[in-house]
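Listed below, chain by chain, are the residues.
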Amino acid sequence: MSKNLRVKTSKFIDETYRVSFKFNGSKYFGYKGDTLASALLANDIHLVGRSFKYHRPRGIMTSGSEEPNAIVQLHNNSERTEPNVRATEVEIYEGLEASSQNCWPSVNFDIGGINNLLSPLLPAGFYYKTFMWPASFWEKYEYFIRKSAGLGKSPTKADPDIYEHEYIHCDVLIVGAGISGIMAAKTAAKNGLKTLLVDEKPNLGGSTVYQNSEHFKINNQNSGSWLEKEINEIKKIDNLDIRIRTSVAAFHGYNFLLARENLTDHLPIEQRKNKTRQKLLKIRAKKVITATGSLERPLIFDNNDRPGILLSSAIKRYADLFGVACGEKNIFLTNNDSAYETAISLIQKGIKVEAIVDNREEIESKLLYEIEKNNVKVYKGFTIVNTNGYKKINKVSLMKLSKDGQKVIGSKIDLSCDCLGVSGGWTPAVHLFTQSGGKLKFREEDQVFIPNKYSSEQISIGACNGDLTLEDIIENTPKYLKEFLNIKKTDYDNVEVFSDENKSKRNIWLLPSDKILGKTKSFVDYQNDATAKDIKLALREGFRSIEHVKRYTTTGMGTDQGKLGNMHALGIISETAGTKMGEHGTTTFRPPYTPLTFGTIVGRNVGEYFDIFRKTPMHEWHLKNKAEFENVGQWKRAWYYPKNNENMFEAVQRESKAARESVGILDASTLGKIDIQGTDASEFLNRVYTNAWSKLAVGKCRYGLMLNEDGMVYDDGVTTRLGENHYIMTTTTGGAANVLGKLEDYLQTEWPELDVYLTSVTDHFATISVCGPNSKKIISNVIPDLDLSDENFPHMSFKNTKIGKINCRVMRISFTGEHSYEINIQANYANSVWEKCMEVGKDFNITPYGTETMHLLRAEKGFIIVGQDTDATMTPIDLQMDWIVSKKKYDFIGKRSLYRSDTIKDDRKQLVGLLTDNPNEILEEGAQIVADVNKSPIEMLGHVTSSYYSPNLKKSIALGVVRGGKNMIGKKLIIPMENKTINVTVTDSVFLDKENKRLNA
Amino acid sequence: MFIINCPFCGEREQSEFKAGGEAHIERPKQPTELSDDEWAEYLFMRKNIKGIQFERWNHIHGCRKWFNMVRDTSNDEIKAIYKMGEKPPVK
Ligand SMILES: [Zn+2]
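So the sequence lines, in the order shown, correspond to chains A and B.
Its first residue numbered 57, the first sequence is counted upward by one per residue in my numbering.
Its first residue numbered 22, the second sequence is counted upward by one per residue in my numbering.
In case anyone wonders, no lab produced these hints; they're calculated from the structure.
Some hints here could point you the wrong way.
To be verified - A few chain A residues that don't get close to chain B, going by computed Cβ distances all over 10 Å:
| id | residue |
| --- | --- |
| 1 | Ile325 |
| 2 | Gly406 |
| 3 | Thr735 |
| 4 | Leu844 |
What the hints assert, rightly or not - Straight line, CA to CA, 30 Å or less: simulated DSSO-like cross-link-like pairs of lysine-lysine:
| id | chain 1 | residue 1 | chain 2 | residue 2 |
| --- | --- | --- | --- | --- |
| 5 | B | Lys71 | A | Lys342 |
| 6 | A | Lys338 | B | Lys68 |
| 7 | A | Lys292 | A | Lys250 |
| 8 | A | Lys509 | B | Lys68 |
| 9 | A | Lys338 | B | Lys50 |
| 10 | B | Lys50 | A | Lys961 |
| 11 | B | Lys39 | A | Lys335 |
| 12 | A | Lys285 | A | Lys343 |
| 13 | B | Lys100 | B | Lys71 |
| 14 | B | Lys100 | A | Lys497 |
| 15 | A | Lys343 | A | Lys535 |
| 16 | A | Lys751 | B | Lys50 |
| 17 | B | Lys100 | A | Lys495 |
| 18 | B | Lys100 | A | Lys343 |
| 19 | A | Lys338 | B | Lys39 |
| 20 | A | Lys448 | A | Lys385 |
| 21 | A | Lys385 | A | Lys559 |
To be verified - Selected chain B positions facing chain A (Cβ under 10 Å, derived; list incomplete):
| id | residue |
| --- | --- |
| 22 | Gln51 |
| 23 | Lys86 |
| 24 | Asp97 |
Note that the structure is predicted; figures quoted are calculated from it, not measured.
Here a beta-carbon is modelled for each residue, glycine too, at the ideal position from N, C-alpha and C.
In isolation and in its complexed conformation, chain A is listed as follows:
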C-alpha cells in the first residue's frame, strides 16, 4: 500500500476536486492542479521509467519541461495515444491513463536491464563501432535495437483532434511569465504597445509566485505575494494578450517565432470533442523579450541517477506549489545556497531534512544559520561519492573533498535517506536566444554562458540573462526595459528588495570519487545514458569539438536535448582538454525547444487539404463515368475510363482503337495557357522558341520547343497567332507555372525594352480535344456555322466562332496524328459543350479517352512528352528534332549552348524507336539498354522512355534514348531484365502514318 505524501494544503491545488487516473494499469488519486509527476510523488511513486541504453530504473528528476527521465506514453493503444510525454508537464484529469516507456515487460521487471550488467561492454560509440560492419547485418541489428530501445509507440489510428495555425503580429512578445516576464509585460502594455505574453506552464509567475519565505522580500512583502498582485493587475490590461500552456518551439531570424498553445490536453477526453486541441502560433514580433529563466544543474557523481534523486528546486516546487513531499528523509547535495532555500521550505512544512552535504568549505549565509538552528547537520566541504537503492535511493556515502576539489579524502560516512535533492547552481535558459542566432559569452565567476550579441530587435532579461538572484532581477530589469522599449520610467524603478541569499558557489563539473572513473556511473545525459566516462573516452579517442563528442557519446541527443547535462559535458571536456569553456563550441539547441505533435505542425492541412488538387470543369463528368485519375502537377486528370471490369491495359487498348477508327474525346483543359500581347510579341516568341515566328500568319498555329539557356529542352506546345500582336501559347500541364515565371523573368530582367504582356489564362479556358476520322462530323454538328473544309480551315489553323451565343476558339491541331480539333471555351460553359459532343457522337461510338491513351497515340506517331522522353539532358538535336531549330535566327534562349563542345558530341544519348523481336513483348519504361551482356561491367547505352502495346499496329512499340542511337538504325540491342533478356531493333521513332495522311483524312 502506498503512502500519502501530501503534506500541506497548497492554494494552487484544489483539494475539493479529486481526480482519478491510471498509471501502468493501477488506479491512483490526485487533485485538480496536479501534474502527473506531482500526483505520482504524492502516492510515493518515484520509479516511472527505464533509461534508454542500460534500462536503469529512473524516477522523476525535475518539475518542468527539462525532464529527462519521467517520459510516459499517454492513452496507450487508443487513437489519442502520445509517446514521449513528460510526466512533469501533464496536468492530470479524470480518466488519464499513462504508462512507462523503455521497459518490457514492466517497469519493475525489465529484460533490457541486463544491459546495465553488461555496461562495461557498452561504452560510448558502442553502436557505431559494433553495428557498422558488416553492413549487411544492419537489418538484424536494427530490429534488436529497436525492440529493446522502444522510444514509445506512435499512434496507428487517425488523430481525432483538430489543430490550427494562428498568425499573430505584435509590438512586443515576452517569452516566459516568471517575475521578470511579468514586469516586462506590464511595462510594455502600459506604454501602449500591443503585447503578447506566453508561458509554457498553466499558471503565471514562474518560481517566484510560490516563494513565501521571510528571506526574500519585495516592498516588505514576501516575493510571492508581491508578484501575485502584479499578476492580478496585468490580467486586466486590454492590449496584453496572455497565453498560458504555450511553449515557444522556435525563434527564427527577423523575430519570427513558432509556439505551441495547448488548449485541451488538460481536459477529460469527453470534454475535448469539437474543440481545437493545439494551435501553432506563428508570431511576428517587432521586439522580443526573452525571459525564460534558468534551469537548475544537477551534479555529476557515481550513481547520480537513481529514483528519488531530484533537483533541489523541483523538491521545493513540489512542496510549495503542490503540497507534496518527495521523501520523508531528505538529504541535499549542493554547491550553492539554493538547496538551503528548499530545506527551509520543507522544514516549515514539517518534512524531515536529514542533512545537507555542501561542496563549499566556508559558507557565509543567513540561510545556513537558519538550517543549523533547526538542528540539521551540514557537511561542509563534503561530497557524495555513491548512492544505494536499486528502484529507489536508500543510502548515500559522503567523503571530504580535498582543498583543490579534485580528490576525496578521509573515511566514508553513510547516511540513510529516501530522497536526495541536488543543486549544482543555475544555467540561464539561453536556448531560444541561441536559436535566434545570438552569440554567448562565458561568465567565469559562476561558470555560466550568458547572452552577448543579439541578432535582432530582442533582449534577454532576468535569469536567462544571468541575473540569477532576486536582487539582480529587481535592480536590472527596469533598466533593461527602459532602454529596450525606449521609455522614461517603469513601475519598478523604486522597488525595494531584500534577500538573504549568498551568491557564493564552488563549481566542480565532475565530482571526485574514491573509485577510478572507469568503475563509476556518473550520468551526464540521463535520457541517453551518457556518462562522464564516455565523454572522457571520446576525448581520448581524439574527438574535440563538442558537436563530435555529442554525436559520439549521444550526449544531448535525446528528446530533452540534454537540457540538464550539457553544461557538465562542456565543463568536463574543457577540464580534460585543458581549454577554456566554449573554446570547443557550445552545442546548438535546435528547434523545437520541446517536442511538437505532427498535428500541430500540419494544422488544418489534413485529408483533402493536405495537398490540394485542381479539377477541370468536366471533373464531375469524369467521376460519373468511372474515370480513374492520375496526378499531373496539382491536377487530377482522367487517366482512363474502364468499362465492364476492364483493367487499365484493356481500357487503353479499346480507347486507342476507337480514336483511330472513329472518334475520341479528351479533356485537355489542364494544358497551360498564356495570353501574349504587345507590339513585340512576335519578336519575343522568336527569342524564347527555337523556331521562327515572325512569318506566322494571323489565324495559324505552330508547334514550338523551348530550351533552357543550357540548350536542354524545357517545354513544348502549340502557339496560335490570334491577331497581329496577340498570341495564345500552350505549355505542358506540369510546366505551366514555371514557363510563365521564366518568360516574365526574361521580360523584366533581360529584355525590358520589349512591349510584351503575359497573362496566365489556364483556368479561364477549358479545352476539349476531339480526334479521329469522324471528328469533323462531331464538330460540324456542335458548331454548324463553322466551315470545316480543308481550304477554309486547314490543319494548324484556328477560327474564332460561337457555340450558341458563347464565343470560343477552335484550333485544328493534333497530338495524335489524327484529324482533330481543340475547342477552347470559357471554363464555365465547357461541361455543356463536352456533353453535347458526347450526345452527337453517340452514333459514331465517340469514346472518351484519358492521358494514358493520349500517351499511347502520340507514341505511335513518335511525338515526345517533355519530362518523359526528356530529362533536362536532352537537346533538340538529341531528340532528332533538328528541323525545329532555326539556323537563320541570330539568337534564342539556349542557342549558344547547342554547339558547346559537349552538346555537339556524336555519342550523346539520342531518341530512337525500339521494336521488340517478339511483337507481343512490352518493354518496361526505365529499363536499361545495352549492346553486350557479356562485357563486364556491362556498358549501359541508355534506357526506355515510353513503351506501349499499339492496338493499331498490333505490336509493341517503344521510345528510348540510346548513346549514339542516331547512327544505330537497324541495329540489334538488348534489354536485360531480372529473369530474361529482350532483343530489340533500333528504328525510326515514327511508327504510324509517316506521311501524315491521317491528319487530312
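Fit chain B with the ligand to the supplied structure of chain A, relying on the hints for placement.
Frame of chain A; chain B with the ligand shown alone:
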C-alpha cells in the same frame, strides 16, 4: 523567415518570395561571339559568398516583379533592396 521590403508592394513575408540566384549577371548580347569558356562562365559560374552577396528575388506570390537584394549570408541581414536595372546602393 525574412521580412522583405518589395520595392513595389512594401514589407511582406519571405514565403511570398522566390530567390533567383546571383544578381548582375547580364545575358551576353551576342552569345554567338563567345568562346565555349566565356559562355560557360556566364552559364554556370556563381559565387555563393559567405558575407555580402548580391541576389535576385521575385515577389512570386505578390506583384511577380523581380528586384535585387544585398544580403549578408552570414547573418541574413538584408542591407539593401533596389529595382532591376538600378545600381546597387551599397558596396
Ligand atoms: Zn511586390
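To see whether the hints hold, each was checked on the structure:
1. Ile325: Check passes; 36 Å lies beyond 10 Å.
2. Gly406: holds (53 Å)
3. Thr735: About 21 Å separates threonine 735 (chain A) from the closest Cβ of chain B, which puts it past 10 Å; holds.
4. Leu844: Correct as stated: the minimum Cβ-Cβ distance to chain B is 40 Å, above 10 Å.
5. B:Lys71 - A:Lys342: Distance of about 27 Å is within 30 Å: holds.
6. A:Lys338 - B:Lys68: Given that 30 Å is the threshold and the Cα spacing comes to 34 Å, the pair is violated.
7. A:Lys292 - A:Lys250: holds (14 Å)
8. A:Lys509 - B:Lys68: It holds: about 29 Å lies between the C-alpha atoms, which stays within 30 Å.
9. A:Lys338 - B:Lys50: This hinted pair is violated, its Cα atoms lying about 46 Å apart.
10. B:Lys50 - A:Lys961: holds (26 Å)
11. B:Lys39 - A:Lys335: The hint holds at about 27 Å.
12. A:Lys285 - A:Lys343: holds (26 Å)
13. B:Lys100 - B:Lys71: OK: lysine 100 (chain B) and lysine 71 (chain B) at ~14 Å, within 30 Å.
14. B:Lys100 - A:Lys497: holds (27 Å)
15. A:Lys343 - A:Lys535: holds (16 Å)
16. A:Lys751 - B:Lys50: The hint holds at about 24 Å.
17. B:Lys100 - A:Lys495: holds (21 Å)
18. B:Lys100 - A:Lys343: With Cα atoms ~19 Å apart, lysine 100 (chain B) and lysine 343 (chain A) stay inside 30 Å; holds.
19. A:Lys338 - B:Lys39: Holds, at about 20 Å.
20. A:Lys448 - A:Lys385: holds (13 Å)
21. A:Lys385 - A:Lys559: holds (27 Å)
22. Gln51: Interface hint status for glutamine 51 (chain B): holds (8 Å vs cutoff 10 Å).
23. Lys86: holds (7 Å)
24. Asp97: holds (5 Å)
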